[in-house]
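Visitor: Listed here are the chains, written in short residue letters.
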Amino acid sequence: MPISLGELATRFGCELIGNPDSAVSNVASLPNANAESLTFLASDAYKEQLSSTKAAAVVLRPADAGDSPVAALLHDDPYACYARMVAVICPPPSYAPGVHSSAVVDNSATVAASAHLAPHVVVGERSTIGENVYLGPGTVVGPDCVIGDDCRFIANVTLPRAVTIGERGIFHPGAVLGADGFGNAMTAEGWVKLPQLGGLRIGDDVEIGANTTVDCGAIDDTVIDNGVRIDNLCHIGHNVHIGAHTAMAGMSGIAGSTTVGKRCMFAGMGGAVGHITICDDVIVGAKSYVSKDVTEPGTYLASFPAEPAKGWMKQVGRFRRIAALQERVRKLEKK
Amino acid sequence: MPISLGELATRFGCELIGNPDSAVSNVASLPNANAESLTFLASDAYKEQLSSTKAAAVVLRPADAGDSPVAALLHDDPYACYARMVAVICPPPSYAPGVHSSAVVDNSATVAASAHLAPHVVVGERSTIGENVYLGPGTVVGPDCVIGDDCRFIANVTLPRAVTIGERGIFHPGAVLGADGFGNAMTAEGWVKLPQLGGLRIGDDVEIGANTTVDCGAIDDTVIDNGVRIDNLCHIGHNVHIGAHTAMAGMSGIAGSTTVGKRCMFAGMGGAVGHITICDDVIVGAKSYVSKDVTEPGTYLASFPAEPAKGWMKQVGRFRRIAALQERVRKLEKK
Amino acid sequence: MPISLGELATRFGCELIGNPDSAVSNVASLPNANAESLTFLASDAYKEQLSSTKAAAVVLRPADAGDSPVAALLHDDPYACYARMVAVICPPPSYAPGVHSSAVVDNSATVAASAHLAPHVVVGERSTIGENVYLGPGTVVGPDCVIGDDCRFIANVTLPRAVTIGERGIFHPGAVLGADGFGNAMTAEGWVKLPQLGGLRIGDDVEIGANTTVDCGAIDDTVIDNGVRIDNLCHIGHNVHIGAHTAMAGMSGIAGSTTVGKRCMFAGMGGAVGHITICDDVIVGAKSYVSKDVTEPGTYLASFPAEPAKGWMKQVGRFRRIAALQERVRKLEKK
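Protein sequences, first through last, are from chains A, B and C. Numbering of the first sequence is given in this note's numbering, commencing with residue 1 and proceeding in unit increments. Numbering of the second sequence is given in this note's numbering, commencing with residue 336 and proceeding in unit increments. Numbering of the third sequence is given in this note's numbering, commencing with residue 671 and proceeding in unit increments.
If you are wondering where the hints come from, they were derived from the structure by calculation, not from laboratory data. Where a beta carbon is used, it is the ideal one built from N, C-alpha and C, also for glycine. Take the hints with a grain of salt, since some may be wrong.
Stated by the list, open to error - Sample of chain B residues facing chain A (criterion: CB under 7 angstroms; computed from the structure):
| id | residue |
| --- | --- |
| 1 | 363 |
| 2 | 414 |
| 3 | 418 |
| 4 | 419 |
| 5 | 422 |
| 6 | 454 |
| 7 | 522 |
| 8 | 525 |
| 9 | 580 |
| 10 | 585 |
| 11 | 586 |
| 12 | 603 |
| 13 | 627 |
| 14 | 667 |
With the hints as constraints, model all of the structure from the sequences given.
Guide: This is the structure in structure tokens:
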């Protein structure tokens, strides 16, 4: 919806260079912006696109103000400031309250009158759906779940049972929250399943990506704290505890019973083995996994970026011959 | 449901130290147990929690019996014994037979009268659903499938076509069983799809995790043998054969046409390339993949656990300079 | 459906050695073929199975013609030729036009009369479904989507919003096309979500595997070009551009804003970091990821295949002691 630059500046604490009565009604990247667009510059990598932008206004750092050919909204953190503005200019869709006739809600469940249940939704025994919750098409909320106010389940999300979620969560399609953990005991007759009886507790303002899985606990609960962000195709094992504001990029995974601190970040395909504790403010690099307790904040890494195959194969050969090299040095030392 | 310690001891072959008429009605971890809880101690790592437990009884090894402050059920394999007891104390939910009015069953399909079809289930042409099967909400069983007795599909599981499953299987939400394998032939005009015509055969007592995919065969079938356990977000390619009682942890994958033996174990993010054979009793470590036939049982590994990034980057630099080091040693040897 | 060898030869440009009036009605592997089967030999690895095949006819290279015990269809690329023949002998299922009574189609959507909408399908506001499209059970097409003619969505595919797809695409169960990308700005109060407003554009003849996720763009669109093939459980981040005829094997992933060229191939668990450009005709090996721009076609690799754990652990120890070895060589050089 259209909003004036003056109002944006006031509301989000920016200095405005330009006409406060100009309005923006959409957002766009620097090169694709039009005369009604808000855009932003947060990284020097895109600075060359600034001079030719056709935007109505750009959110940028005070130091870049002089380079803007159009109105400028100055903020020390232009990316976060822009993100907040976008949520106002292009708000998420709103849904009229109501339960679609094809949705199936158990008699023992409680659904707030302001909630919207889309086609083919299922809500199970004793579950509670909070105010303004959106359950998108095909979403299944099993028994004994509690969904806090203002949560949005985009479509085809599955909560098998016993999941408690705080407020304002966003859950993307195909996410499976609270399925059985992987608990099996080996015996002479094969694996015996350990029934998974714990639940899953998710805090406020959590976002979980498409086709990500978070298992319920074996006995006690799996816990995802406030403000956690998990990307697509991630896996969180049973009885994991993810600390507040930790973020995990796509295809990363945490094995069972591991505790991850606050504000940690996992790059794509990163992870951690089970039964360890990772302190706050740890960053785990791409395709790297942590194998033991981490007690010092910082960045942890153990992956090799790909290089031309012929060179890599030779390098692997040298790696395999380090022992021979050590032996040759030993002989030289003896002489 | 409540059960006496005496009955547990008799039924599961334990020695009981304590009152056989005491009963347990729930299970809990050592620290969270109450006066009606059964708990267990299987690992020395948790032994310090034993002395203060408030449980009604603990399942543990005979050697630990003296340390229990409460009634003890002694068993050589306390974890497996406890797992079996839990299945009795906290049995999985049971479902009244019947087909929900929103389920769509093809006229040519056969559904056992004892089966439970939840809302929005679909059963396709010529498929057969066995006795006591539970098809949870949104589950799609395509044409030409045969589902054995007592299988449970928690919710939103998809079997596109031609899947045959034995008895007592458990299939978690989002699992896709029998989708097309990845078969394409490169031509001058681009990829040509090889139609995937084989089926998928799954044995008895198999459990497959949330959002895991198992492809159908290209011509012959993909096969998962009895007792196999596959965790979440795993991928099994077309024409793979997984031997009985093999277990795969989260995010592991087996590429097409590979044969995996019995009782193998894949740790998280582990895997195998296509068109190889892995013998029985092979363990593949975390984030490691097998690239050729494995003929000897044992543990296979090739991953580096993450370490502080600065040290790792230096180490990668040294790795890249092994050739230079070899050259320096060569020069020294010449002297 | 039955087809004569003569017709196959004419239609697919093969030389036929054998009776043109013989017919095939199914396809099979060399060892499992019967007197009505077409089979093929494309790799020397399977040549020993040729002599005993019971097939009606074999598609193979001219050089192998003399070794066939049965009728032979000679083609320089027997695998691609066979793939095209299979599509004729065993065509994909066809579906009668129509919308199942349980499907929910928004009043503002347009569905071609020739399309088939299976049970529990949802089509959202302003979306368009083309001619002969198959939307399998549980498929959700959100608002503002355009689905080209002859696309097939097998079951439980989810398109949250704003996805445009060309013709003849095949989308497997659990695929999520166009969910929000992972865009978050860190602030003192935690992560702020960057609303994801871009769409997803998919070209013609694209196939996307089960439980794969392709995110919509943050502002501009994510783009998948014509003829791309993506296997199961892959992840394509927001604003990625995948060039025509690129193929990605299972569990591979491309992080946000990366551009991948034409005819690239990613092996299983391969990938690329975000914000880079990969030129045409690049192959990325198994479990390897590209971390910076690639400007030369060729194969890129950086993974170690698993080996017996004891040997690997020793090797890791030697790797960690390269610095010590360098120091020893330095000392020797000083002498």
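Visitor: Please go over all the hints and tell whether each is borne out by the structure.
Guide: Hints versus structure:
1. 363: holds (6 angstroms)
2. 414: For residue 414 of chain B, the interface hint holds, since the closest Cβ of chain A sits about 5 angstroms away, which is under 7 angstroms.
3. 418: holds (4 angstroms)
4. 419: holds (6 angstroms)
5. 422: Given a least distance of 6 angstroms, the restraint on residue 422 of chain B holds.
6. 454: Constraint on residue 454 of chain B satisfied, holds at 4 angstroms.
7. 522: violated (24 angstroms)
8. 525: This hint is violated: residue 525 of chain B lies away from chain A, its Cβ roughly 24 angstroms from the closest one there, beyond 7 angstroms.
9. 580: holds (5 angstroms)
10. 585: holds (4 angstroms)
11. 586: holds (5 angstroms)
12. 603: holds (5 angstroms)
13. 627: violated (14 angstroms)
14. 667: holds (5 angstroms)
Going down the numbered hints, you'll see the structure goes against 7, 8 and 13, while the others check out.
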